[in-house]
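Enquirer: Chain by chain, the residues:
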Amino acid sequence: MQERASSVTLGPVLFNWQPDTWRDFYFRIADEAPVSAVYIGETICSKRAPLFEPHYEAVAERLSSAGKTVVFSSLSEVVSRLDRKLAEQICTAEKYLVEANDGSALLNLQGRPHHVGSQMNVYNERAAAFLVGKGAKNICLPAEMPASAIAALSQSVQDLNVTIEVQVFGRQSLALSARCYHARAHGRTKDSCRFVCEIDPDGLELRTLDGRPFLAINGVQTLSYEYLNLIHELPMLRNLGVSRFRLSPHSLDMVKVASIFAGVIDERLSTDEAAVHLETLNPAAPYANGFYYGKPGYSWHSREQGQSGQ
Amino acid sequence: MSDNGYTRPELVCPAGTPAALKTAVDAGADAVYCGLQNATNARNFPGLNFTPAELEQSLAYAHSRQAKLLLAVNTFPPAGQFDLWRDAVDLAAKLNVDAVIVGDIGVADYAAQTYPNLRLHLSVQAGASSPEAIRFYCQAFAVKRVVLPRILTVAEIAELHREVPCEIEAFIFGNIGMMAEGRCSLTNYTTGVSTNMDGVCSPAADVRYEEDEDRTLTTKLGPFVVDRFACGENAGYPTICKGRYRCSSNPSGYYAFEEPVSLNLSALLPDLMRAGVTALKIEGRQRSRAYVKAVVSAFRKAVDDIMAGHEPALANLLALTEGHRETQGAFCSKAWR
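Chains as they are written, first to last, in my numbering: chain A, 38 to 347; chain B, 15 to 351.
In short, the hints are calculated from the structure, not lab data. Among the clues, some could well be false.
[Stated by the list, open to error] To be clear about the criterion: a stretch of chain B counts as covered by chain A if any three or more of its residues have a C-beta under 8 Å from a C-beta of chain A, and this derived list gives those stretches:
1) 92-99
2) 130-143
3) 146-153
4) 158-170
5) 185-194
6) 201-210
7) 233-245
[What the hints assert, rightly or not] Partial selection, computed: residues in chain A whose CB lies under 10 Å from chain B:
8) Glu114
9) Leu168
10) Gly172
11) Ala222
12) Ile254
[Said to hold, decoys possible] In the DSS-like style, the derived pairs of lysine-lysine whose C-alpha atoms are separated by at most 27 Å in a straight line are:
13) Lys158(B) to Lys82(B)
14) Lys108(B) to Lys36(B)
15) Lys171(A) to Lys158(B)
16) Lys158(B) to Lys122(A)
Glycine included, C-beta positions come from ideal geometry on N, C-alpha and C.
Kindly generate the complete structure, drawing on both the sequences and the hints.
Expert: Next up, the structure:
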């Protein structure tokens, strides 16, 4: 078995942050966060992309100067002409390493080294091997994959030139649609949205009719209300063959989050110590880890409970 | 092609059971689609689907009446369990079904490599919503037909038709989910059963109906309230994307994703046929034989009427839609988005 160095990565900002906030966030990540790779680019809404484009170059440069690998993550739901143009622009720009989040990206990226994102639905050995054959160097697995499937998939690619990545922190993407639910919540449509999603830097919370927090909306995307936290599972994930651990950005202190996860990888922190640190960050919602244990995604399981199947 | 410029489309109809398959074929289906009794298909519900022996008999029945049989092997095998999906493809090839409907890249690759003569259709579960994505699957696996996601307008379908090297199949009637197919984990998030891996959306075992003293009915999936109905209101089956929720801008509750409506494109049939759609698909493998008979007969007559240059009559289909409410979804206008 090939030993692979483990590292923390930072996924793309999923939300419509103010462009200056967005830029400054990445500048600080470049300067301070112990992450090996940073994904940038608009993955949710092609209408938002022009807001951030003016900052791409400066952000990418600052990150690479700081020794971080920059990866452009492509649009997840490609339907309209604007979507298609955006996807093609990113995937044909040869200077960037690109992460494919839909089939149209794969058409343009096949034959040269690229990453495959969690929206590409790589659930099994055969799908992974096929995409490696097309040039995939890193595959981020779907949010809902249980440990048993993560293990089987990672083992199957041990001898291939590819790394496996899983999200370990932040709200989890649960669904995509062609309809913008942020616009709908404000009586608008996708075309008339006037970028109303900008008021919710971590998503718009949905509660059930009896008041229980349930989901979070981000434009055409539906996310979990809970924040995924796999700090306790990180050592097991390493044993299974996963080498890259993705944090999904939120408005809380992501440099601190990165330091805590890196601390466990470097064995400066025990998982219990790290868990306590993560609690003190006060995320907007409780933590969850159910998918890892093959349980409902919103739920939380201690390692012992999860393994005994309770 | 008819005198008025239409190409005759294939009417693709649901068959949840061997009995429903016969009903659909007898009612005029050009093709039926069905699945095996396991997680390899996206309607893996108790009491539904086919044993290998039933599939073989049903195939003979369909072929004896010039109807095609398409087998849906359109879920996503989790690593370590690929054999179940491999067996399904092997069976399809052995029985010589007319096509296999695939969604997963691994399953598509297995089928294309092992059985180059087996016709592949790309399931809506693959979420190929642009010409580029469709071309990727055509190049990679020699896919002959794509089932389009229910998110495109008719104008977009017509444009797409000119840019892809394969046939197009479009949904015209039935239950419509709001989320991109193959990219929704809401059921798993709520219940621990996965739509993609287990083939189940909103499993009945996790559904609860609770009535209070005012006879208000609350519907739940897992521990989460999906909707509430006053006494006498028509209560729908709880599906997360058709539930009512609260948010800061709608504090008393609203349909955050979509109202409980069904897709009905009967009025757009001529437009779809002109847009170059090869096959018109009716959803509903979970529905009764009576439903299948009514819907298939109505669309059979409508397609034949249009081909003959007559005005089709489809008003009676409204009675069969969910909660008697229908939508043209994304197909009519971008304002739906």
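Enquirer: Each hint needs a verdict: does it hold in this structure or not?
Expert: Comparing the hints with the structure gives:
1. Coverage of the stretch 92-99 of chain B by chain A holds in this model, with 5 residues showing a Cβ closer than 8 Å to a Cβ of that chain against a need of three.
2. Note: the stretch 130-143 of chain B has 4 residues with beta-carbon separation from chain A under 8 Å; the three-residue rule is met and the coverage holds.
3. Note: the stretch 146-153 of chain B has 7 residues with beta-carbon separation from chain A under 8 Å; the three-residue rule is met and the coverage holds.
4. Check result for the stretch 158-170 of chain B against chain A: holds, 4 residues qualifying (beta carbon to beta carbon below 8 Å, three or more required).
5. Beta-carbon proximity to chain A at under 8 Å applies to 3 residues in the stretch 185-194 of chain B; the threshold of 3 is reached and the given coverage holds.
6. Under the rule that three or more residues need a Cβ within less than 8 Å of chain A, the assignment of the stretch 201-210 of chain B holds, with 7 such residues.
7. Beta-carbon proximity to chain A at under 8 Å applies to 7 residues in the stretch 233-245 of chain B; the threshold of 3 is reached and the given coverage holds.
8. A hinted interface residue such as Glu114(A) counts as satisfied when its beta carbon comes closer than 10 Å to some beta carbon of chain B; here the least separation is about 6 Å, so the hint holds.
9. Given the 10 Å rule on beta carbons, the hint for Leu168(A) holds: about 7 Å separates it from the nearest Cβ of chain B.
10. The restraint placing Gly172(A) at the interface with chain B is violated, with a minimum CB-CB distance near 13 Å, outside the 10 Å limit.
11. Hint status for Ala222(A): holds, given a least beta-carbon distance of 5 Å to chain B, under 10 Å.
12. Against a cut-off of 10 Å between C-beta atoms, the interface hint on Ile254(A) holds, since the closest Cβ of chain B lies about 7 Å away.
13. Taking the CA atoms of Lys158(B) and Lys82(B), the gap is about 15 Å. The hint holds against a cut of 27 Å.
14. Distance hint between Lys108(B) and Lys36(B) is fulfilled; the C-alpha atoms sit about 22 Å from each other, no more than 27 Å.
15. Between Lys171(A) and Lys158(B), the direct Cα distance comes to roughly 21 Å. Compliance with the 27 Å bound is thereby established for this hinted pair.
16. A distance of roughly 26 Å separates the Cα atoms of Lys158(B) and Lys122(A); the hinted pair therefore holds under the 27 Å criterion.
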